[in-house]
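Construct the entire structure; sequences and hints are all you get.
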Amino acid sequence: MKRKWIATTLACTMLAAALTGCRGETETETRAPAADASAGAAADGELEGEITFWHSFTQGARMDAVQAAADSFMKLHPGVRINIETYSWGDFNTKWNAGITTGDLPDLSTAQNTGEVVEMINAEVAAPADRFLDSFGRDRFSEKALGDMTWDGSTYGIPYYSHAQVMWYRHDLLDAIGAEVPETWQEFYDLAVKLTDDDTYGAAFSCSTNDLLGTRYLNYYVTSGGGSLLNDDLTVNLTSDLAIEGINFWVDVYKNCSPAETINYTVLDHATLFYQGKTAFDFNSGFMISGVESNTPEIAEFVDAAPLPKIHADDPDYSAEATHIPLVIWEKSEHPEICEAFVAWLLQEENYIPFLEAVPVGMIPAVAGISETEAYRSNETVQFYSNAVDVISEAIELGNAIGVDDHGASVQASYLTSQGIIEAMFQDIITNGTDVETAAKSAEDQLNEIFDMMIN
Amino acid sequence: MKYKVKKDYGRWLWVLPAIALVICLFVYPLGSQVFYSFTNKTLIKSTYGIRGLSNYTAILTDPDFWLALWTSVKWTVLSLLFQMLIGFSAALALNSIKNKVARQVYRILLIIPWAFPTIAIAIIWKWLLNGIYGFIPTLLTQMGITGQLPQFLSTPDLVMPTLVVVNVWFGFPLIMVNVLAALQTVSQDQYEAAQIDGARKLHMFWYITLPHIRNVIGLLVVLRTIWVFNSFDIIYMITGGGPANVSTTLPIYIYNLGWVNKFVGRSSAAAVILLIILLTICAAYFCVLNKWEKEADS
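Chains as they are written, first to last, in this note's numbering: chain A, 1 to 456; chain B, 1001 to 1298.
Hints are not guaranteed to be accurate.
Coverage of chain A stretches by chain B, computed from C-beta distances (three or more under 8 Å per stretch; other residues unrestricted) [as the list claims (entries may be wrong)]:
{"no.": "1", "segment": "97-103"}
{"no.": "2", "segment": "206-214"}
{"no.": "3", "segment": "407-420"}
Mimicking SDA-like on lysine to any residue, the simulated pairs with C-alpha atoms at most 20 Å apart in a straight line are [as the list claims (entries may be wrong)]:
{"no.": "4", "chain 1": "B", "residue 1": "LYS1045", "chain 2": "A", "residue 2": "ALA98"}
{"no.": "5", "chain 1": "B", "residue 1": "LYS1045", "chain 2": "B", "residue 2": "THR1061"}
{"no.": "6", "chain 1": "B", "residue 1": "LYS1126", "chain 2": "A", "residue 2": "ALA260"}
{"no.": "7", "chain 1": "B", "residue 1": "LYS1045", "chain 2": "A", "residue 2": "ASN448"}
{"no.": "8", "chain 1": "B", "residue 1": "LYS1126", "chain 2": "A", "residue 2": "ALA98"}
No lab work stands behind these hints, which were simulated from the structure alone. The beta carbon of each residue, even a glycine, is placed where N, CA and C say it ideally should be.
See below:
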């Protein structure tokens, strides 16, 4: 009998222990006191101390460029140690979210976009970067980029590089059918359907709930019509005529020219289709070029970019999404002075240009004047894809992060893209045939409930 | 005469590390999880308040929770059933091989799926089943079995059966190895005695083999039920729970609540409900196991 009890207790223990893995977090947390800006600085002004830098540059060339800059910085400042930890973009948000509870947070990090910086501000973990920006020169960064990260008069992120969403196409495929680059969504759709055959898909529409593509694509359409996914009171708007039209448009694209499999595709899965020459059109940043060059170099010469299509050809020029990848100094850092000095070091031409050249055209300089330098302009890829560089640069100038548009930076704009609810709405419409208005209303209610719970 | 009992607190020192370990790894996480299930804690705020049973009400009235529970039940029952059938059959087949070298080679070959990390398996299967350039859909089309590339991971009716096949392939070796080990403990004398009495093979299996190994099978069922019900990585890596939640099991539902929506309180409540469900199932299993043990003792 005793044995049975032991066995039962052990099994229950194992079961419960296994289940604890499903929980959201583990312990109560106390926020670290605000850092003392002068802490760690030696009396003679020489930098001294240890910082942890989290970044998401997992590809070899970018990672190497950052490491080289850190090594040279440490050589210049022997009292400084920079510990670099790398997390993929997908893991980064989870990592710092968990870090709020466990206290495992960096001194300095990248962020996925300006929206994530607003999330950090809301969570009270990001420190103002005003001191750095004022000394480095605010006018050396895009006003829009700084605006996306400005909250209550303070700016919390330092733009590291920029990119924007544009339309990518294969001009060899367009030439083969005697077509021009589409300027309207209808022209794009007609061509995509026409180019869909056994080997190639006109375009892909992906909506994995683990990524933001459904939201991003719907935002293209809504922005092109002068609308927004957020109302003026920062509630979600998925039921406007324009949003419903946009949802129907992308469902039609999925049904008539996209692989069925893409219903579960994330950004990388989706982009890989274009990299491999499986799709004729795609929407993405300049990272497309390095993806195509490394996957299918034989088609790289046929790839080019154009502005996002409009609803009517005579609609005003627009940009639906510009992203500025920021560097963030964290509130808990005991050595903000080292972080600031290291950021300035990263942005110095001799360190910055080798970093940008790791993915040419993918990363557009966020610091004024760099794109005019001979060192930057002489890059072969930048020269060959100069049209794409111009299209992306213009889109960066015109655009904001999703949901920021006329409403300014808000936590709601950030949550809009991180919840997978708009993607689940698309999946529901496509898979279950749910009525578009019903699905849109349901998704709108869910997102508004999340906004209420997370912000209020 | 009174004897004074000498209190020896020193013995507690010896068990203190074990107690500390249990408190850290089990009591505290479980206790805090139950506690948070009554709060509105979110992942990105350190402040929270007590909200009574509101998380439980929200979970139990959420249709997605019931859909995830039903998907978990289908996933567990089908995976377990086929893992047991195939694992058991493979163990019997291996046990009947007389040549020791051949038996060893087959055993190594059959254990291969279990030897791989789950993440690697999920990525390989995702690639094999890809509806655009995957090996299996292409092969089926080229052989003329299907007219167009079958969409194993996006056709709602195919997604769960496909995932179950992957899980069966991955999980049956564990059953096989354990059942094989149990089979090898059955005394040959009993088979010889039964043969002398004229018993047929089926009778020997039913009256000698099965009673000997049924406790092992029972424990395997208990363990596999817990593991399969809680399994997260294979489904999450292959479909992410989609499309339209058709492959969202309870662990994925809980993960999404906690890590995507960041509702720690609500995800803790869902995890507590999952704990209660599994404890109930395990209690039922143990009743059966106890009954078998009593029968064996008598």
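| Pair hint B:LYS1045 and A:ALA98, alpha-carbon separation not exceeding 20 Å | Cα-Cα ~11 Å, so holds.
| Given the proposed pairing of B:LYS1126 with A:ALA260, does the C-alpha separation stay at or below 20 Å? | Judged against 20 Å, a Cα distance of about 15 Å means the pair holds.
| request: Go check the segment 206-214 of chain A versus chain B for me, would you? Three or more residues, Cβ under 8 Å, otherwise it fails. | output: holds (count 3)
| query | Hey, B:LYS1045 versus B:THR1061, does the alpha-carbon distance stay inside 20 Å? | reply | violated (26 Å)
| field | Within 8 Å of chain B's CB atoms, at least three CB atoms from the segment 97-103 of chain A: coverage verdict | value | With 4 residues close enough to chain B, the hint holds.
| message | Taking 8 Å as the Cβ threshold, is the statement that the segment 407-420 of chain A is covered by chain B upheld or broken by the three-residue rule? | response | holds (count 3)
| query | Is B:LYS1045 close enough to A:ASN448, meaning Cα to Cα at most 20 Å? | reply | holds (18 Å)
| query | Does the alpha-carbon distance linking B:LYS1126 and A:ALA98 stay inside the 20 Å limit? | reply | violated (29 Å)
Taken one by one, the earlier hints fail for this structure at numbers 5, 8, listed in ascending order.
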